[in-house]
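Put the two chains together into one complex, using the hints given.
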Amino acid sequence: AQKITQTQPGMFVQEKEAVTLDCTYDTSDQSYGLFWYKQPSSGEMIFLIYQGSYDEQNATEGRYSLNFQKARKSANLVISASQLGDSAMYFCGPPGNNRLAFGKGNQVVVIP
Amino acid sequence: EPEVTQTPSHQVTQMGQEVILRCVPISNHLYFYWYRQILGQKVEFLVSFYNNEISEKSEIFDDQFSVERPDGSNFTLKIRSTKLEDSAMYFCASSAAGDSSGNTIYFGEGSWLTVV
Chain A
19 AQKITQTQPG MFVQEKEAVT LDCTYDTSDQ SYGLFWYKQP SSGEMIFLIY
69 QGSYDEQNAT EGRYSLNFQK ARKSANLVIS ASQLGDSAMY FCGPPGNNRL
119 AFGKGNQVVV IP
Chain B
1091 EPEVTQTPSH QVTQMGQEVI LRCVPISNHL YFYWYRQILG QKVEFLVSFY
1141 NNEISEKSEI FDDQFSVERP DGSNFTLKIR STKLEDSAMY FCASSAAGDS
1191 SGNTIYFGEG SWLTVV
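So the sequence lines, in the order shown, correspond to chains A and B. So the first sequence is numbered by the numbering used here: it starts at 19 and just counts up by one. So the second sequence is numbered by the numbering used here: it starts at 1091 and just counts up by one.
No lab work stands behind these hints, which were simulated from the structure alone. Every residue gets a Cβ at the ideal spot worked out from N, C-alpha and C, and that includes glycine. One should not assume that every hint holds.
[Unchecked claim] Simulated pairs of lysine to aspartate or glutamate, EDC-like, Cα-Cα distance not exceeding 20 Å:
1. A:K122 <-> B:E1149
2. B:K1173 <-> B:D1152
3. A:K122 <-> A:E35
4. B:K1168 <-> B:E1091
5. B:K1132 <-> A:D40
6. B:K1132 <-> B:E1149
7. B:K1132 <-> B:E1091
8. A:K21 <-> A:D44
9. B:K1173 <-> A:D104
10. A:K21 <-> B:E1149
11. B:K1147 <-> B:E1158
12. B:K1132 <-> A:E62
13. B:K1173 <-> B:E1134
14. A:K88 <-> A:D40
15. B:K1132 <-> A:D73
16. A:K88 <-> A:D73
17. A:K122 <-> A:D73
18. A:K122 <-> B:E1158
19. A:K21 <-> B:E1108
20. A:K21 <-> B:E1134
[Unchecked claim] DEER-style ranges, computed between Cβ atoms:
21. B:V1206 <-> A:D47: 41 to 47 Å
22. B:S1117 <-> A:S59: 37 to 43 Å
23. A:R90 <-> B:D1161: 45 to 51 Å
24. A:D47 <-> B:E1158: 45 to 51 Å
25. B:E1158 <-> A:S98: 24 to 30 Å
26. A:D73 <-> B:E1091: 42 to 48 Å
27. B:L1120 <-> A:S59: 46 to 52 Å
Chain B with its partners taken away, still in its complex shape (with noise of 0.2 Å):
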């Protein structure tokens, strides 16, 4: 079955350092996202992207964060001068379409990142 795949599993970095974190969506879905999760808390809508531009972004994603499209297969989160407070579990996800009616959302499992 295709899977959403993320790279690294779980990365450590100082703090002011900047973070880029992989994804490989499923192949033919057109639509990215990337969550965030804080540990013991809700999964969060970080940014979504389609046609190779963000579609929709949540008060979270200021300045600090970026993503890309590079080429035709890879989706990166780019968080830059990083905080102690980004350390979360980062979730890349894909859907076929945007919209509603069960395009259902598949999800990476995810990237640690601890910020220290």
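Isolated chain A (complex conformation) (with noise of 0.2 Å):
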């Protein structure tokens, strides 16, 4: 069965600093993707950016960025110059057979 690992604890970032996400994913297929989504603590599940394993080049979407890396089949949310609205839990998840099967999630909190 398919699996995505976020294996990181609750991170702390300082305002304006970048924040790396892992997110890794199990599977036997080489055709893939995987999308990252942002929850604040109203709920609502925000879509933030997409990266396939056969773009040439890594996702770019404003402040987020995807580090691919296909061999290890990971693709890790780099989130830039982080802001206080940025504080939410962060989950991975890849498409594939009319489902998404989502991480446990990434808590992000942005201090001051």
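Here you go:
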């Protein structure tokens, strides 16, 4: 079965600093993708960024970028210039077979 | 920007009662989903729906649960005979397609269900 691993405990990051969140995908598929979603304390799930395994470039979306390592099947999320509003849970997950299976999430707290 | 809308935002129900959670997916999307998130835990897949039938479901989605698309816009999750452990946030989501290649799944804001 597909498995997403997000192992980092809760993280504190200083405002304006960068933070990296890990995500690895245990799959035998050669073609796959990884999504990142943000869940603030209000509870909604907000799509951030997507990386496909055959994308030649690392995905970038504003302050969000992915450090994609194809051999490791990992797509680590980098949030640059952290803002207080970045405090949230961050979930990583793959598409496939009409469903999205998330990892356990990474808790990020941005401190002023 | 189009969005997935869910009602109610919060519902309290007595154990044993039936609950219907409603969702209006994004209008040109073809794939619909329900997920569940128990407080403090990860988001869990329940079911996906395409072309008026279930395309995939998880082991959580047992006979207690059912989904329906009663008209061209609504997508509902029915939970029969609710149990205390059904208390969770239920997310509806939709996507333009069901495969990979960046077909983003867009989530609604969720419906909090509290079973007492």
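Now the hints, each set against the structure:
no., hint, in the structure
1, A:K122 <-> B:E1149, "holds, 18 Å"
2, B:K1173 <-> B:D1152, "holds, 13 Å"
3, A:K122 <-> A:E35, "violated, 24 Å"
4, B:K1168 <-> B:E1091, "violated, 28 Å"
5, B:K1132 <-> A:D40, "holds, 16 Å"
6, B:K1132 <-> B:E1149, "holds, 16 Å"
7, B:K1132 <-> B:E1091, "violated, 27 Å"
8, A:K21 <-> A:D44, "holds, 5 Å"
9, B:K1173 <-> A:D104, "violated, 35 Å"
10, A:K21 <-> B:E1149, "holds, 16 Å"
11, B:K1147 <-> B:E1158, "holds, 14 Å"
12, B:K1132 <-> A:E62, "holds, 13 Å"
13, B:K1173 <-> B:E1134, "holds, 18 Å"
14, A:K88 <-> A:D40, "holds, 14 Å"
15, B:K1132 <-> A:D73, "violated, 28 Å"
16, A:K88 <-> A:D73, "holds, 10 Å"
17, A:K122 <-> A:D73, "violated, 25 Å"
18, A:K122 <-> B:E1158, "violated, 29 Å"
19, A:K21 <-> B:E1108, "violated, 33 Å"
20, A:K21 <-> B:E1134, "holds, 13 Å"
21, B:V1206 <-> A:D47: 41 to 47 Å, "holds, 43 Å"
22, B:S1117 <-> A:S59: 37 to 43 Å, "violated, 29 Å"
23, A:R90 <-> B:D1161: 45 to 51 Å, "holds, 46 Å"
24, A:D47 <-> B:E1158: 45 to 51 Å, "violated, 32 Å"
25, B:E1158 <-> A:S98: 24 to 30 Å, "violated, 44 Å"
26, A:D73 <-> B:E1091: 42 to 48 Å, "violated, 24 Å"
27, B:L1120 <-> A:S59: 46 to 52 Å, "violated, 32 Å"
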